[in-house]
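Undergrad: The lines below spell out each chain.
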Amino acid sequence: MPDVGARPTTIPHGASKSAPRIDLLAFAVRFQSLIGLVLVAIGGVIFSPVRHGHILFLAPDNIANIIRAISETGIIAVGMTFVIITAGIDLSVGALLSLSSVLTATMMVSVGWGLAPTLLAVLVVGAAFGAVQGWISTRFRLEPFIVTLAGLQVARGLALVVSNNQYINISYGDGPGLAPPIFAILGDRLFDNTVPVATLVFIAFAVVATIVLNTTRFGRYIFAVGGNERAARLSGVPVTAMKISVYAITGLASAAAGIVHAGQFNFGSANDGTGYELTAIAAVVIGGTSLFGGSGSMVGTVAGSVMLGALANILQLNNINAALQLLATGAIIVLAAVLQSLVRRREGVTR
Amino acid sequence: MNSSKGIDRQRRALQASALAGAAFALMATSAAGAPLVKECAKDGKFVIGFAQANNAEPYRQHVNDELTAAAKAVPQFTLQIADGAGNVNTQTSQVDNFITQKVDLLLISPFEASPLTPVVARAVKAGIPVIELDRRTVGDPGKDYTAFIGGDNYKIALEAGKFTSDTLLPGGGDVAVLEGLPSSTPAVERLNGFKDGVKANAKINIVAEQAADWLPDKAQTAFSAMLQAHPDIKVVYASNDMMAAGARLAAKGAGKDVKIIGTDGLPGPAGGIRAVAEGEWAATFTYPTGGKEAIDMAKSILLDCAASVPTTVTVPTLAITAQNAKSLMGN
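For the record, the sequence lines run as chains A and B.
Yeah, the first sequence ends on 351 if you go by my numbering, and it's all consecutive.
Yeah, the second sequence ends on 331 if you go by my numbering, and it's all consecutive.
Keep in mind that the hints were calculated from the coordinates and are not lab data.
Just so you know, even glycine gets a beta-carbon here, dropped at the ideal spot from N, CA and C.
There may be inaccurate statements among the hints.
[Stated by the list, open to error] Sample of chain B residues with no beta-carbon within 12 Å of chain A, all distances over it, derived:
| id | residue |
| --- | --- |
| 1 | Lys72 |
| 2 | Ala73 |
| 3 | Lys125 |
| 4 | Tyr154 |
| 5 | Ser165 |
| 6 | Thr167 |
| 7 | Ile206 |
| 8 | Asp213 |
[Stated by the list, open to error] Part of the chain B face toward chain A, derived, beta carbon under 8 Å:
| id | residue |
| --- | --- |
| 9 | Asp96 |
| 10 | Asn97 |
| 11 | Gln101 |
| 12 | Pro118 |
| 13 | Ser184 |
| 14 | Asp304 |
| 15 | Ser308 |
Produce the complete structure using the sequences and hints provided.
TA: Below, the structure is given as structure tokens:
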């Protein structure tokens, strides 16, 4: 569909929209997830149970709980941000996480591969899986929604095949059938039991992704493709290659999350990761990235992920039931989307 | 200790035999070792955290209901239930939160065994007694966690198998099996139990087995196809009540009279007890929740300062058949 909105984007410098004036609403939207995170944190402190004068919500082990819990979906959300900026979507991520956890467990336990070859192979498979989805989507001009929906089914099916319908336990040690003990570090917490290793992987992933998105030509191209595909193509951006590569990135992220999953929980399971795609998309949207593409923020995605984790945490600390958690998350997603829509309308962009 | 006080106490004990009994019980426990929980007290206030695997399954809702009812009867207890939503990551973080809250006792139905093992170890390390319900983590009760209470999936399905070979089909025939979610532990155990149960009768043929993921709609589809391929199926074993309900719809649609066996024996209008009472199914085998047993154990740990508890409590299954279903409906 032709882009009727007259968007004065100069390609390939579309990364930051030229703001004609200081716009309070736009400012709020740009930092909505950070603001939301701060609000949730303040609410967390106010409503936190207190024991022996200590605010439970702020206890180091509680903070560790929050950031450990969101590490897997956080890694996926970081990858998802690239895809959504190109106005795409990837529904296969949760299933691919499960396939990756199964592959990791199988290769180390049943096949007897070492740590490095296993991890490398799983990451390559994940990236390739994503790239194939991207290729199918661009080559046959299919909606990524459909292609990745099919990818979800395929990944789950493959996971069941590889795991032979069993869940695969990982035991550690030397010798056949045992995984290298160092792999179990993914389930540990460093520095006096406060920093979960799974979170470190998430942070590393997020830092690299932020740098790539904000400082490289690759990042600028991604914004350009999402902002106005035709214009991007006309100005020499390799649109097809960019589109394939963002799905390779989500594939890679899902594989990394699957490895973290296998390491944290000592198993590979074909049933895990259900619904992770929706959590990741929610974090991205709350983070201020537009589902219409062309604008977005990696920092926002990270803040959105942490916010969802902090919200679930404070609700549970207060023994508020699961139904209300879902309602609260739903309300926040709608609010985030409404704010974005208001900004778009103000900018005169109608799609 | 002051000796005159000791004599005084003895005298009083002689006067009141009830008091003497209590003192003896107290001495007996202290002789057996320190109580499992130091802060135990008859009149204390205790928070029990229950990490449920997945509220969305009717069986687990039934567990929550029974636990809640049992806990309500104990005014000293406050029960908090967290829904793991069928996700090992969510459940791990909820147990971590319970540890942060320093709950006085942790109950857990782990969604899967080995993934929840590390967090259970963290709770034990934090000094929280852990009672595992229905499913266990890796390790031994009494050592890696306090106790396990639950049914035995394999034995329950074995009973269903024996019931099939002895009562429903002594003359043999075609049998179908609807399996739970593949690669989940209870699905595998119930499948194996049933197969071993019918082995005694060589004339029974298991002609079809399909996974229907515990879901009624998938069971209906799968069993319709089975009936197409094997029109002589006489008995279908469903690994839970919901799949049995799906199988019943399929049999009705095909106009076949198939004897249906469920598992779980849930109460309520959608449950297996009603279905058996009204003659829709041949039988269902309860999967006991252990809710009452768990609260009883919590009482002996937190209120009675028990120094030890039985490390494994296997709650037996109950066969619900045409004979007893109607009277059970009343309860």
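Undergrad: Take the hints in turn and mark each one as holding or not.
TA: Each hint tested on the structure:
Every beta carbon of chain A lies more than 12 Å from that of Lys72/B, the smallest distance being close to 15 Å; the non-interface claim holds. Every CB of chain A lies more than 12 Å from the CB of Ala73/B, the least distance being 19 Å, so the non-interface label holds. The beta carbon of Lys125/B is not kept farther than 12 Å from every beta carbon of chain A, the shortest such distance being approximately 10 Å. With a minimum CB-CB distance of about 16 Å to chain A, Tyr154/B clears the 12 Å threshold, and the non-interface call stands.
Separation of Ser165/B from chain A is adequate, the least Cβ-Cβ distance of about 26 Å exceeding the 12 Å criterion. The non-interface label for Thr167/B is consistent with chain A: the shortest C-beta to C-beta separation is roughly 31 Å, beyond 12 Å. No beta-carbon of chain A is positioned within 12 Å of the beta-carbon of Ile206/B; the least distance is around 17 Å. Listed as outside the interface, Asp213/B is inconsistent with that label: its C-beta sits roughly 9 Å from the nearest C-beta of chain A, within the 12 Å cut-off.
Taking 8 Å as the C-beta contact cut-off toward chain A, the hint placing Asp96/B at the interface holds, the least distance being around 4 Å. Using the Cβ-Cβ criterion of 8 Å, the hint placing Asn97/B at the interface with chain A is satisfied: the shortest such distance is roughly 5 Å. Hint status for Gln101/B: holds, given a least beta-carbon distance of 6 Å to chain A, under 8 Å. The interface hint given for Pro118/B is met, as the beta carbon of that residue sits about 5 Å from the closest beta carbon of chain A, less than 8 Å.
Interface restraint check: Ser184/B against chain A, minimum CB-CB distance 7 Å, threshold 8 Å, status holds. The closest approach between the C-beta of Asp304/B and any C-beta of chain A is roughly 25 Å, which is over the 8 Å cut-off, so the hint fails. Interface hint at Ser308/B: violated, since its Cβ lies 29 Å from the closest Cβ of chain A, which is beyond the 8 Å cut-off.
Hints 3, 8, 14, 15 from the list above are not met by this structure, while the remaining hints are.
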